[in-house]
Amino acid sequence: DSGVTQTPKHLITATGQRVTLRCSPRSGDLSVYWYQQSLDQGLQFLIQYYNGEERAKGNILERFSAQQFPDLHSELNLSSLELGDSALYFCASSVGTVGGYTFGSGTRLTVV
Amino acid sequence: TQLLEQSPQFLSIQEGENLTVYCNSSSVFSSLQWYRQEPGEGPVLLVTVVTGGEVKKLKRLTFQFGDARKDSSLHITAAQPGDTGLYLCAGVHTGANSKLTFGKGITLSVRP
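Sequences listed follow chains A and B, in order. Quick note on the numbering used here: the first sequence kicks off at 587 and runs consecutively. Quick note on the numbering used here: the second sequence kicks off at 24 and runs consecutively.
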């Protein structure tokens, strides 16, 4: 157990639907990062939050949004889902804005 | 644009063999990290290198950061089946926040 908790572990949904992925960072970590992993693109950075504030954005689609709450857990919202959104979504956390990441076990999203 | 190139993409070797894999970029990184990922799990941090020319050892794994801080190598001595997995390098650009850019990874298979 890495200390980073992601739920759900698996999610199957239809095109056009909306889903919410949840992440609880490791105790004491203030930074949360979201990544998308697919076979052809590898790990792609989506967005970073630090202590509740958005810190950096990557290749995140407009249909996707995220937030970090006062208790530091984070949610990634994916809407108007397309087949191509099927992927593993990872959350990672770190103590500050430097240093290694601790990853969760991921959410496998399948859009049918 | 893939800023971090990892090679080879796939490697299958016999238990007991030595191997070296590479992570190359045209960009300078303030730090570089190596992770290992097993199927169904998130990446796990192995090492962080910060200083150009730095060498770090983790049991049978030796990591080196290039003098110009643009590349890195991972050498495994006497590989074991337990070393099987996806090896990812990730870099933090100089002057950026802690957002990590990942390579696509090297899939290593060690046959008993």
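If you're looking for bench data, these hints aren't it; they were derived computationally from the structure. This structure is a prediction, so every number in the text was calculated from the model and none was measured. The reader is advised that the hints may include incorrect statements.
Selected chain B positions facing chain A (in silico; Cβ < 10 Å) [stated by the list, open to error]:
1. V51
2. Y58
3. G63
4. G65
5. L68
6. T74
7. V78
8. K93
9. Q103
10. G105
11. D106
12. T107
13. L111
14. G126
15. K127
Even for Gly, the Cβ is constructed at its ideal location relative to N, Cα and C.
Structure-based check of all given hints:
| no. | hint | result |
| --- | --- | --- |
| 1 | V51 | 16 Å, violated |
| 2 | Y58 | 8 Å, holds |
| 3 | G63 | 7 Å, holds |
| 4 | G65 | 3 Å, holds |
| 5 | L68 | 4 Å, holds |
| 6 | T74 | 15 Å, violated |
| 7 | V78 | 18 Å, violated |
| 8 | K93 | 19 Å, violated |
| 9 | Q103 | 23 Å, violated |
| 10 | G105 | 18 Å, violated |
| 11 | D106 | 19 Å, violated |
| 12 | T107 | 18 Å, violated |
| 13 | L111 | 7 Å, holds |
| 14 | G126 | 7 Å, holds |
| 15 | K127 | 4 Å, holds |
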